[in-house]
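Student: In case you want the letters, here they are:
There are 2 protein chains.
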Amino acid sequence: MPIYRAPVKDQLFLLNDVLNIGKYSNLPGYADATPDLVSAILDEAAKFCENELQPINHSGDQEGCTRHDDGSVTTPKGFKEAYAKYVEGGWTGLVQDPEYGGQGLPHVLGLCLEEMLVSANHAFAMYPGLSSGAMAAISIDGSDEQKQKYLPKMIEGTWTGTMNLTEPHCGTDLGMLRTKAEPQADGSYKITGTKIFISAGDHDLAENIIHLVLARLPDAPKGVKGISLFIVPKYKVGDDGSVGEFNNVNTASIEHKMGIHGNSTCVLSYEDATGYLIGEANKGLRSMFIMMNAARIGVGVQGFANAEVAYQNAVEYAKERIQGRSLKGAANPDKPADPIIVHPDVRRMLMNAKSFNEAARAASLWCGQLVDLSHKAETEEDRTAADDMVSLLTPIIKGVFTDRGFEYCVSSQQVFGGHGYIVETGMEQFVRDARICQIYEGANGIQALDLVGRKLPSKGGAGAQAFFKFAGEIREQAKGDDRLRPFTDALGAGLKDLQAATMWLMQNAMQNPDNAGAGSTAYMHLFGHVLLGTMWTWMAKVAADKLDAGTDDPTFYETKLTTGRYYMKRRMPETAALLAELQAGADEVMALDVANF
Amino acid sequence: MPIYRAPVKDQLFLLNDVLNIGKYSNLPGYADATPDLVSAILDEAAKFCENELQPINHSGDQEGCTRHDDGSVTTPKGFKEAYAKYVEGGWTGLVQDPEYGGQGLPHVLGLCLEEMLVSANHAFAMYPGLSSGAMAAISIDGSDEQKQKYLPKMIEGTWTGTMNLTEPHCGTDLGMLRTKAEPQADGSYKITGTKIFISAGDHDLAENIIHLVLARLPDAPKGVKGISLFIVPKYKVGDDGSVGEFNNVNTASIEHKMGIHGNSTCVLSYEDATGYLIGEANKGLRSMFIMMNAARIGVGVQGFANAEVAYQNAVEYAKERIQGRSLKGAANPDKPADPIIVHPDVRRMLMNAKSFNEAARAASLWCGQLVDLSHKAETEEDRTAADDMVSLLTPIIKGVFTDRGFEYCVSSQQVFGGHGYIVETGMEQFVRDARICQIYEGANGIQALDLVGRKLPSKGGAGAQAFFKFAGEIREQAKGDDRLRPFTDALGAGLKDLQAATMWLMQNAMQNPDNAGAGSTAYMHLFGHVLLGTMWTWMAKVAADKLDAGTDDPTFYETKLTTGRYYMKRRMPETAALLAELQAGADEVMALDVANF
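Respectively, the protein sequence lines represent chains W and S. To get this note's numbering, take the position in the first sequence, counting from 1, and add 67. To get this note's numbering, take the position in the second sequence, counting from 1, and add 67.
Excised from the complex, chain W in its bound form (with noise of 0.2 Å):
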């Protein structure tokens, strides 16, 4: 069975010794995240998640969801106790508004918690998951009484929430969404519809579900300026919060998945269910959009969250498994083999993991602290610029970290040889839940047409020219140093080619915006090494001064180095193949006619 330990340690060198939270205890919540606060809650974190989320992972997968003959949907055994010990806990309210009962505790400790969630157990985590996005849209565009009504309960986990977007004919594009809503006399909407792909759509672990859902008011203009957004809760809900009858929220079924089994994802299928609108009528999108920036995040942290713990296991097996001899002469000669980890090719797949891994999560808590930033900061500009950043970041931490969190949770999977291809080692598991955050959330192609399309141009540049600078200064920063000279070095020559690629799609986009498409995937990785050797130098410079300054714990830092030399030597060089691909233009990308498919 799979095992898992929660990098406490590597996130509190993150937290205190490079993103220096401290610095911010001036602004709302970080006041209160003191280093010892931190400290005891990414303990306690640890302990719920490799106790009491970990051991039901892998039967959870194995049981799934079921869907009784009433309609009604349990989830897999141990989930409905793990989930009370969740709320008892008091995790479901970490992040959110005190104001309604939450603990206002910064948005990058819930992003630390979310990436042990997610390693300990994917499809668990999604429940409380989908219930922050739903709590997401509500703050923005809630009334107060909507928030009075359904805030506290959902931040106590009483209740839980879900996102309504995917119809069956349409999901990146939702202009075609046909779920109809009709006003009522007193202010309500009956909603119609069918909505596929609804994750922690139905289930047996609270009281009641408050679905948000996307649909179409009968004078709607046509496509994506006539969606809006409503409230519509399994069960009504009293003017006093009392849960009442059942609003025609029916599971037609559970899908069928390649994985995250322990996660019901419903086919909802709404009939005349009573709705209330939230925000504006038609402005149903932005809401919706604002909510899924912030869930972008989340699933880039998912996606090395799955990486980390299928290294994890690799590792174990690595010095474990004993298997043929070490190329340089037996380093076990007792034994009738040596462990695998002796060779380099194991160590290889190992090294990409780590030296991802640990660079993506330093990324995740950064832009989780430019999250809190772009809301918190005490000037307009500061908190722009926060959120300018964070607007930049999104698509590639969504798009970069699932695509190669799941090629790292393959290669793990892979260091297990054959055994690794048995279900029950729990290595294809990691491989067939990690496979999901690649497509939710928008499809990893909308993520790097987002960057081209959107993010890149938006405000004259200014995304892009501030992350340059952001990333001059790291390497400024580590300059002079011998040690720090190859990530200096390797991010000089990362920079270079961001930055002639970012030059070439300027130049040759607006000509043929197909160059922008065609090349929107190789330019997202291109900079999604950028970032991370941007976050290695940063990791290392910081390594470097506490060597220097004197350390208890010297090869904690030395470690560090070496897996950020890793990086930089040997995955940097990518960039230079990733725009050559970029450079090489559409043409050859679109001349077939589709005939000659």
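The reader is advised that the hints may include incorrect statements.
One copy or two, either will do: identical chains are not told apart, so a pair holds if it fits within one copy or between any two.
As the list claims (entries may be wrong) - Using 25 Å as the maximum straight-line C-alpha spacing, the simulated SDA-like pairs for lysine to any residue come out as follows:
#	residue 1	residue 2
1	546	652
2	114	664
3	147	315
4	144	490
5	144	323
6	563	650
7	395	578
8	563	652
9	563	643
10	402	349
11	443	86
12	395	650
13	536	549
14	220	306
15	395	528
16	292	520
Keep in mind the hints are simulated off the structure, nothing from the lab.
On the provided structure of chain W, position chain S as indicated by the hints.
Tutor: Using the frame of chain W, we list chain S on its own:
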């Protein structure tokens, strides 16, 4: 439900126009392979695969194999009937020795069949596939009596075969295997031990199963030099060929696997089962490796065969699914959206798969032809030259084509968006099935080591030199034609990188073998690009010549040129990144103490 159309036209192009198999009509088997016969055979094979095998692929995955309480095993619904038709069609003997009832057709035709079988139904294809492996071992090392006793029944398909290598504690490192063979007075042996991961290990398709089993004699030397190979039939075979009593080969269980559910991968428990030594005592591994090398080329074919069927389905979906608009304005203004094949990033995924599949098919068939020449060419010199090239190409075809085949199954699944994650579309099955190819018949890390540690230095590098010469000649022939400039340019750059990589290995692997190990996978993939680029240059030259000569079907050849240019311009530049990864050496790969992973 997924579709499949066998690529007969493309296979005929390769056999007739590129490989020009007609010019070998002086060789045994090739004489019979007239263009008309070859075309008729491929058409029949296509019909069988499309109409009989593909329709039971998805249902076979969902149902899986069943072990009953009495220890017997049944395959999924329809497999028994399909196998009977397969036997009836004479497919089991297509390339087998006419002396024992085979049709003796060229091996290269067998690979065409193998591709179609796997695309249509990977799990099914493994039953005859393993049989071919077992027949190869008996053909190589069996006594005349053994050949007479087993081959005719196996060639006609009445019996199937398996290969039994792996045990719970050893896979790659067969030196540790424990299965015992005790000599009996009558010259037979009693075989006792447990074998795992035995593909096609038990089933209801054939009246007997001939297991080829690696085991140890009582006085055998330790390690790999003490392994012998035995024939162990499931049911004893009388001297008259009659099938007799059960031979104590017990199916302890069917493995639970990520994919290929329609194939019964068994744990076999041998309890004093009667076995017969095949070949020399203690030389069993040698025979097993001859057999396995042939099987590895077949697994490489499986790699792109999975990608091919996944690609075909992605193309169909991309033509039908309407979602969003072309970046250049509506392509389909009278519909609410355009088919997603208008989007450059969707085309990128399709072109990646297409441009890989077609070149991988070419390389595999070229290698298949070389296998034929290694056995049948008129001079010893020609046979040796062909054999050297096959040895070199085998790990590249197995390792690269299965890694990339998997990648393109994943990207073809991605084209389906959320629907690709749903079981019913069948796309996730291709991913799960293709995954095994990277693992079995020697995990891909082993292929990479085989390439750099064994094949490359073999005979003073003769194989690699012959390949460089061949690729250089292909490039030379394409020079001076402007249409082929992208091919000769990119192939030139790729060859330069490959030669630099080879030189680096020669200079750095001797002093530190970990340098070879740490760069082996990068080197293998670099070589893979150059191999595929060579194939594209070859095909492009043939296509250009056809166009110049005038043809009824210019679109076919123009599409080849476009698809090839895509590969050369967008994929070949990866060689530079792979060279950089190799040249980074082993330092950071090996630096960490085991405790610091």
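Student: Is it within a copy, between copies, both, or neither that the alpha carbon of residue 144 lies no farther than 25 Å from that of residue 490?
Tutor: both (18 Å within a copy, 23 Å between copies)
Student: How would you classify residue 563 and residue 652 at a CA-CA limit of 25 Å: within, between, both, or neither?
Tutor: both (19 Å within a copy, 24 Å between copies)
Student: Check residue 220 against residue 306 for me: Cα-Cα at most 25 Å, and say if that holds within a copy, between copies, both or neither.
Tutor: This pair counts as within: shortest intra-copy Cα distance 13 Å, inter-copy 79 Å.
Student: Measure nothing new, just compare the shortest in-copy and cross-copy C-alpha distances for residue 395 and residue 578 to 25 Å and report within, between, both or neither.
Tutor: between (57 Å within a copy, 10 Å between copies)
Student: Given identical chains, is residue 443 near residue 86, meaning Cα to Cα at most 25 Å, within a copy, between copies, both, or neither?
Tutor: within (16 Å within a copy, 68 Å between copies)
Student: Could you place residue 292 and residue 520 in one of the four classes (within, between, both, neither) given a Cα distance threshold of 25 Å?
Tutor: within (20 Å within a copy, 62 Å between copies)
Student: With 25 Å as the alpha-carbon cut-off, assign the pair residue 147 and residue 315 to within, between, both or neither.
Tutor: within (24 Å within a copy, 47 Å between copies)
Student: Within, between, both or neither: how does the pair residue 402, residue 349 come out at a Cα-Cα threshold of 25 Å?
Tutor: between (70 Å within a copy, 22 Å between copies)
Student: Under a CA distance limit of 25 Å, which applies to residue 563 and residue 643: within one copy, between copies, both, or neither?
Tutor: Both: 10 Å inside a copy, 16 Å across copies.
Student: At most 25 Å between alpha carbons: which applies to residue 114 and residue 664, within, between, both or neither?
Tutor: between (52 Å within a copy, 21 Å between copies)
Student: Can you tell me if residue 546 and residue 652 fall within 25 Å by alpha carbon in one copy, between copies, both or neither?
Tutor: Between copies only: 24 Å across, 35 Å inside.
Student: When no copy is specified for residue 395 and residue 528, does a C-alpha distance of 25 Å or less occur within a copy, between copies, both, or neither?
Tutor: between (52 Å within a copy, 22 Å between copies)
Every hint, counting from the list given before, is met by this structure.
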